[in-house]
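*Asks:* Listed below, chain by chain, are the residues.
Protein chains: 2
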Amino acid sequence: MLHQNAELFLDKIQNNSIVVGVLGLGYVGLPLAVTFARNGVKVLGFEKSSAKAESINRGENYIADVADSDLAAVTNETQMLEATADFSRLKEVDVALICVPTPLDKFKKPDMSYIEAACEDLATYMTSNMVISLESTTYPTTTEEFILPILQKNGLVHGQDFWLCYSPERIDPGNKSYKTHNTPKVIGAIGEDARVLGIALYELAIDTLYPVSSPRVAEMVKILENTYRFINISLINELTLLAGKMDIDIWEVIEAAKTKPYGFQAFYPGPGIGGHCIPLDPFYLEYIAKQYNFDLTMINTAGRIDTIMPHRVVVKISFSLNKQKKAIKGSSILFLGVAYKPDINDERESPALKIMDEIAHKGGVVSYHDPFIPEVVIHDGHRYESVPFDDQVISDADCVVITTNHSNIDFEKVAEKAKLVVDLRNAIKENHDNVFKL
Amino acid sequence: MLHQNAELFLDKIQNNSIVVGVLGLGYVGLPLAVTFARNGVKVLGFEKSSAKAESINRGENYIADVADSDLAAVTNETQMLEATADFSRLKEVDVALICVPTPLDKFKKPDMSYIEAACEDLATYMTSNMVISLESTTYPTTTEEFILPILQKNGLVHGQDFWLCYSPERIDPGNKSYKTHNTPKVIGAIGEDARVLGIALYELAIDTLYPVSSPRVAEMVKILENTYRFINISLINELTLLAGKMDIDIWEVIEAAKTKPYGFQAFYPGPGIGGHCIPLDPFYLEYIAKQYNFDLTMINTAGRIDTIMPHRVVVKISFSLNKQKKAIKGSSILFLGVAYKPDINDERESPALKIMDEIAHKGGVVSYHDPFIPEVVIHDGHRYESVPFDDQVISDADCVVITTNHSNIDFEKVAEKAKLVVDLRNAIKENHDNVFKL
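These protein sequences, in sequence, are chains A and B. Mapping of the first sequence onto this note's numbering: residues 715 to 1152, in sequence order. Mapping of the second sequence onto this note's numbering: residues 715 to 1152, in sequence order.
Hints were generated in silico from the structure; no laboratory data involved. Hints are supplied without guarantee of correctness; some may be wrong.
Said to hold, decoys possible - Below, in silico cross-link-like pairs of lysine-lysine (BS3-like), each with a Cα-Cα straight-line distance of 25 Å or less:
no. : chain 1 : residue 1 : chain 2 : residue 2
1   : B       : K893      : A       : K972
2   : A       : K1055     : A       : K1143
3   : B       : K822      : B       : K959
4   : A       : K823      : B       : K959
5   : B       : K959      : B       : K1151
6   : A       : K1004     : B       : K1151
Generate the whole structure from the sequences, applying the supplied hints.
*Replies:* Shown next as structure tokens:
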């Protein structure tokens, strides 16, 4: 049995007479907003960047995982999605889905300022009878202990005036099979009413929901998923460094291990872990663990491996040049790919930038090519523009470093034309005397 | 093109006019011997224990993963398998498959004595024209740098008189789907002749072979597979300890994380890692890594978590008793299951024994029930016999600890009858006030 307010709100959801607010229209919020809108739910998207909000209102897409035609359909055609930079319009919504970033500061501490700002805006403008759901990855207890007090500070009461859930996004940028609507979604709520309303809400847009008993369980689920990846990538990176010393091709080892039909999942080495999830989320857990007087030794150890990987790559580049009697200083070094994974236009936390930075500081003449990223700014503020990809550029470089295995680059040609290649992604399958792998 | 000797030997294999020797008739060797014999290959098994060898010759099975009828068929009926404790009969075989244990000594260093003894026996009795393959898990370089010199010491020459391979066993005791014949088998050999002969040999009995470029790659494959498991069990154990402090049910978290349709594989917490593979194999790699001046920090860290888990369980038992105003000292504590995993009769490296040992030393009155293991000897030499499983035994104990979730135990009844339960395996699904989970 729901309380009366909740019962009325449930009717409102089930009659689809709600307006869903999505806070933050990035790689999580925009696909989510479009998914609801495509299912005939009225969506108002909130985005601090007026430029982005205006772009959406013109039907112009900026997120690779959203099909241009899907965005155009819900803006220009059905007009189920509108975007705004005016957060006072939170007054107009019945639902708020918080999809703001949760980065780390430079000391690897959670930067909760985006979540805090979104909740402060909500506290200021929200009206009675709202469902609020956080989608950002964060440490367990955030929903109950960080968000709830902010939302209640102006007198509205949870369970009576609003209902709070946590339902972590599971976006995998570039994944062709699993999108927002068909990736099972975990949801934890504070109390039974919030649970029923949260499920009813998401059922308007998401194929499969998996309810858990509390927000903190749902928060831990997301952290576990990404910590698992973090730990395993770090393990394979460490084993790769050992394998290199033992004259063992780790890529061959992984392919063979994959033939075990149970109990193994393959992870691949690389120059370090990039992106906005895997290298960050474990440190959210480490942050809260410290408050419980608990030391997360696996995350800690994996973090050290990840931190050192770009430097180990610089050493690899140096020793590869050494075989041709060259030093880093004065050598021209071309990096192929600065995105943190193939076929996306996102260079956040990309190890390529850290490697470029160190090579430049050691006197290397750095350039890069990335078909998805026209320019980057590295740690010291230096700005690089992507150079064209042609035979001359490849053969002129003293060393070509494959940092990202974008699928539209012909790596066999690189192996043929280049003087020296350091292949960090096993992009070149054939054996060549001038190619050295991680 | 094979060399002439190898060409002749290949004919011999393909005509099935070989005798295959299997050295060590344990949980790896006996299934392998039976698999070859069932495929019409003449097998002579070598086993130091005369009692075991005689048992086999009577068609009496002692390995759970071998069907009694399969053993009887190849001994009593077709007589394709014979066992002996007389290693001088190695003179009679054309092939030697080495399936001896590779344990750790008490300082967690590889104990290579079984492999060494097998190779010494081979060196003494082997004749020209043999294929020798090692199946035991071991550190990379073992085949080329440890075994090869022993085999050559009496004048026979590799590539001319014999051919050496490494093909790691992938036995998963108790696995109902994957047995010796249908688990893909990795094989690495020294040189092209050994590779061709090794593949031809195993093709007589194994459905799918996966050849790799060298023995050391194959050695690393097996270590990677088990190190992956070791690391991930240790991670989930550490997260479980934190989750306990944060009032988060880790079992619920894992079930929810499993709904992610990509990039996640579930591992489950427990009182520590048992058995003869997962807790040992990573330390084989650590051993050789030190010779390469390399510190395997992930294995190290995971090892520390694994080492401490039985003690953490003792603390958990103590704090659970504390809620009922009881101490360990003088309390009767019944352990359900001493096998290291469900439904097998193997207690090697089982954390249950370590927990029983510590509880006994703290003055607890220890007993256990295990339907598969009638008696055990723990660290201090104390011997226990399995007590009967009945309502009286359960209700008499001050605390029942579920250490192994054997499928033929009614754990819901345990929850109903016991005063207090510490459930280390999530065996009890319903909520009970007297049940505490890891």
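*Asks:* Work down the list of hints and note, for each, if the structure agrees.
*Replies:* Each hint tested on the structure:
1. Our distance criterion of 25 Å between C-alpha atoms is met by K893 of chain B and K972 of chain A, whose separation comes to about 17 Å.
2. For a cut-off of 25 Å, the pair hint linking K1055 of chain A to K1143 of chain A stands: about 19 Å separates their Cα positions.
3. Restraint check for K822 of chain B and K959 of chain B: not satisfied, since their Cα atoms lie roughly 31 Å apart, outside the 25 Å limit.
4. A threshold of 25 Å between alpha carbons decides the hint, and for K823 of chain A with K959 of chain B the separation of about 21 Å falls inside it, so the pair holds.
5. Pair hint K959 of chain B plus K1151 of chain B holds up; C-alpha atoms about 12 Å apart against a cutoff of 25 Å.
6. Of the pairs offered as hints, the one joining K1004 of chain A and K1151 of chain B holds, with about 23 Å between alpha carbons and a cut-off of 25 Å not exceeded.
Comparing the model with each earlier hint shows a violation of hint 3 alone; every other hint is respected.
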